[in-house]
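Protein chains in written order, with the numbering used here: chain A, 156 to 565; chain B, 8 to 294; chain C, 6 to 597.
No wet-lab data here; the hints were simulated from the structure. All C-beta atoms in this analysis are idealised placements derived from N, C-alpha and C, irrespective of residue type, glycine included. Hints are not guaranteed to be accurate.
[Stated by the list, open to error] Label-pair restraints from in silico Cβ distances: (1) B/G68 x A/G522: 43 to 51 Å; (2) A/Q554 x B/F59: 19 to 27 Å; (3) A/A341 x B/G63: 47 to 55 Å.
[To be verified] Derived pair list, reagent style SDA-like, types lysine to any residue, alpha-carbon separation capped at 25 Å: (4) A/K383 x B/R58; (5) C/K541 x C/R557; (6) A/K383 x B/P168.
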Amino acid sequence: MNKKLRSVAGIAAASALLLSGCASTDSGSNGGGASAATGEPIVVAGLSGLTFFPEAPQAVQAVFDDYNADGGFNGRPLEYTVYDDKTDPAASATAAKDALDSGAVALVGSSSLLDCAVNHTTWEDNNIVSLQGTGVDSFCFGTPNIASANTGPYFDMAATLYDGSENLGYKDICALLVIDDEVGKANYYDVIANWEDATGNKISYVDDTLVRGQASYAANISNLKSAKCDAIVANEVGVADAAMIAEASNQGLSLPFLLLTSAYSDEFAASVNYAGPISLPAEFAPYTDANDTSTTEWRAVMDAHNVPATSFAQGGFLAAQYFITILETIDGDVTRDSFTEAARATTEPYTGVGSEMTGTPWVFGDGDAHQANSSAWPLIIEPNTQTWVSVGPWLTGDQIGFKPFAVPAS
Amino acid sequence: MAIIGALAAGLGAGGLYAVIGVCLVLMATLTRVINFSQVAVGVYAAFLAIRFVPLGVPPWGIVLIALIVGAAVSALLGWIIATWLPEATGTARSAVTVAGLLFFLSVSYLQFGTRPQALVPLVSGPLVSFGVVTITKLSLALILLAVALAVVSKLVLTKTPLGVQLRAISDRQTAAELIGINVKVLQIGVWAFTGAVMALAISFAGNSQAANAGVMVNLIIPGAAAALIGAFKRMDLAIIGGILLGGIQGLLTAIPSINLLRDWIPIIIIVIFLLWSQRKEVWDVAR
Amino acid sequence: MSLAERTTRGRRVGRPLVIAVIALAIAAGFAFGLPAYIVFLATTVLVSMIALLGLGVVTGTAGMISLMQLTFAAVGAWVAEFLAINTPLGTMFGGFSFIFIMLIAGLAAAVLGLLVGLPALRLRGVNLAVLTLGVAAAADATFQKISFPDAWTNVRMPRPFDFPADPAGDRYYFLFTAVVTILICLGVYFLQSSRWGASWKSVAFSERGTASTGTSVRWAKLTAFSVSAFIGGISGVLLAAQISKVNFMTFLPINSLALYVLAIVAGAHLIDMALFGGILFVLVPEILKQFGVPLEWGNIVFAILGVQALTSNSNLGQDIRNSIFRRRRKRLGLGIAEKSLDTLEGGETIPIPIGTGRTLLTVRDVGVEFGAVKALQHVTLDVTEGSILGLIGPNGAGKSTFVDALTGFLPQHTGEFVLDGVPLQGKLVHQRAKLGLRRTYQQDRVPPTLTVGAFVNFVTNGQASEAEIDEVLDFFGCPTASTPISVVDVGTRRLVEVAANVAARPKLLVLDEPAAGLSHEEHIEFGQRLRLVPGKYGVTIIIIEHDLDLVRSVCSTITVLNFGQVLATGKQDEVLSDPEVLKAYMGETEML
């Protein structure tokens, strides 16, 4: 027995050593970096599914590190801690409690598939606001305490449909939808209906029976061949999109695909080998386009801190900037309540560093719901190529007829 | 016609289930293990192999690397089981493969990330099309692979001295050891073989069915269901079962009104089939 | 019951209750003494512990692999949310509604367990694992499509007694969860000590052995599965109320796999180890969070620990338990040879019992074929009530096949058996056992996970009192009732098996080479006791033996089998001097 316990203890110790070694370059959760600001820290927190969005909190940390090196807020450094919510409601709720417990004055740069749905009531109950780096579920765009830097999948869906029919000329669009819950489903159908109103088109075919983690999309692709399709729109994540596109190749299709921002990555582009074009509207100015000047300053900061330059990093970067801007309007003590009040009181849109990465000006505002970013930038992967190419120009919410939605009251 | 198209598409997807099913049957009969890591080792190998693409390795070299890595990691797992659990029950040995699945899944996420992997499928495109019904090259390739695997295994097992030894260790392991057969090496060899086969199958399929590590779990389930139809003993039933399973899933996709039931029909059919095929109460000799 | 017995029985019931009360006190201290965040985490520990306890019942105790424990939790959560949010049941009983809802949700999960378990009974061990995984995947897709009731209208799952969802409410909720956990622990403890628990351990070790005791294997497996499902459902309800919002991602099949591995690492069939598992489940991610390490490493840690636990064929819990017990090991009972029968019954010569003259068992023209091999042909004999029949013959003569056919393991045999006027045709193994037909086995089929007393209690289907059990054990020179079978040597285990089956007072008991593993003196003592059994316990015996001395010393009648046919049958001296019998045994050194 002793030998066994010793071996288990050995394994545990070795793992701990190993893990601590790996931890050094990761999310940097051990509080604020070494800073020129040396006053009493202002505690800030963020929730992220570190598996899927590791760069978002890294970007926040980079912005805060620079800010602290520059003297912080009246000499006070920003102390940022990110909590991994593992994309699991239970872990997310725990992370939320953890964040509140730490005395955070605001949530900044959170990036998770579900933390808005799980925690928005907690934020409201505790009078704390969350400046999401990347919001995904409906509640990131329909509740009073959460404002996202990005546009979210519903706006994205509206934009990609509009882009497809009005800019790219596809009249008969077939939809493959994955539904996570009733609220989401209603939102997607609303988006489609609004698009039909705004453009006069009718959606040609809808398959909303997709399941996350589906082993094969062969039948779904086969089924839409009996409908009249000029293009296929899908609301899945990049990995599933890649599988669908590969399956379409297998079945001899080369129909254009209209996707959501989740597919906007170099890895996705490298993973497809498709005879048709693939389009999507990005939530921020295209980060893959090194010539796009609106991303230059952001890119410099990312490079200086070794953060991968992706759209999630853009979201985190902007969320951090928004936080600092609101912070600097506060006159007295910096507390959770005072920050929330300041956030609601902002009326001037953000015009600082990186503001050109969004097509519409960002402001928190006093509403019951916040869709502060309502613009998207079209990109395309041309047939038989493997890189994203910037197309532009900005598609704004007014232009595409986007109507903000309300989530059911709690 | 749409239904036939969906059926055909599903049958093709079932080809991969058939390959997995045959591998599982081989492992179950020769090494007394239900290998829950079967798909995981193949996927991990394929993902690792494409890391060599930027080094200028040609496509056939990438596949070779995948085969080697698949064989190696599978053999490692087999070595652990053969060394420390040679006399243990099938349950205990299989439980180790469950831990293995967990391990490979997590390592994969950490090592390769969660974004799509740039797998280049060895086979792609349609073979024949009649209207909306398409038979893809990939489905043919996978079905052929499954059949070839079963045929070759059968031939080796029944007609070669190696096969006799393999059957001996699967039937009466202790007796085989006593007459000098190197049980451990043979078993590890079987592990390595199926690991390489899975890596090959995943290389064939590419992203259409293996876009990221999550498929390690998503594919083992229908693959194991296919093997279950063969009661983990018969390769022919596993092949038929796998293809049919894919076909049924495809067919049901074309009937939107039974959206919910669709997920349950495969497992219900399997259960009914098993109950019928084992309707006489049978007492396990060993227990 | 004597005072000593009453005290032991009282101690057995009293101790867990005392522990429960102490645990409750500790929980109360935690609930209001620790920081709110720790209390929240501790609630997760308890919820995981409950899920693990359920898994421990089906996996650790009954030896089946279940890879859908979180699906049961999901069903529990879903049903509870539905009842609480969408039906008047949520408020019908005020604060107590939650408890009713929780129980109903647990039952719903148990029903699913029953539905999955029924067809799965035909599937051995690992096949069941695949089935559970398939069900988990189908359920996952279904929950994605219908989503949980809290998502339909954005209402949160309410907590019991209107506890709020803030840190103060968390403390009360932790206390509530602790109470539920303690109750479940008590339930599991008493179940494990009862005949249900013994049937689970028995079925994990040997299905044949279980059926021979009159316990249906199907029943044992079904109860294990349903109990684990019920407990799993409860854990889901508690989780839903803790975080007030769940979705399919909480209950993914991969998480069920991870939980299974964790159950193995911790040894979740032991209650304290389920707590250890729950702590591990929460602690490992927390440690990783401290280092800022992605939580994937948690799964890797569990995987490695799981492999370690499996390859060392034990787990931390078992090791700790064994080491404690070894220090307090009781003296084993005197071996059978050390307690000469003189001191028990007085008198050296006990006559060979010849019986009452009434025929108890009629065997007519029984045959068994395995393909082209005729293992038994035209076997006909009678067994007199109260006598001991010896069944002898060379190896491969068909003796064990005969016993298998008699006890119901070969339903395809021809001919008929009639026991005490009741034809055995069509009766299953456990049904024949209930009719008064018992057997012991050549191979070891006594589960080492039980104590001697629990095993005997199980074999007698609870019909024998503690005093009777102690008496029979003493009679055969077996270790005392509280001895774990794992420390008993194989030969003595055979004796325990014999003693247990005698204690069940069957009409007919078939002993298959019971004395193998005993020394020569022990053979003689054993024979003496056997001669007393028909008179003392009313049991007729058929004994299969190779040791002709033993056979000669106990049997009044003998049947000789050779190549599956009856060579000779009748009184002892006639048969053993039959020239045909001598010819069959020519060359055997065991001869006269």
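Taking the hints in turn, this is what the structure says about them:
Between B/G68 and A/G522 the C-beta distance comes to about 58 Å, which lies outside the given range of 43 to 51 Å. With their beta carbons about 46 Å apart, A/Q554 and B/F59 fall outside the hinted range of 19 to 27 Å. Between A/A341 and B/G63, the C-beta spacing of about 51 Å keeps the proposed range 47 to 55 Å intact. Distance restraint check for A/K383 and B/R58: the Cα-Cα separation of roughly 40 Å exceeds the 25 Å cut-off, and the hinted pair is therefore not satisfied.
For the hint linking C/K541 to C/R557, the alpha-carbon distance of about 20 Å falls within 25 Å, and the restraint holds. As the CA atoms of A/K383 and B/P168 are separated by approximately 59 Å, the hinted pair breaks the 25 Å bound.
Hint check: violations occur at hints 1, 2, 4 and 6; the rest are consistent with the structure.
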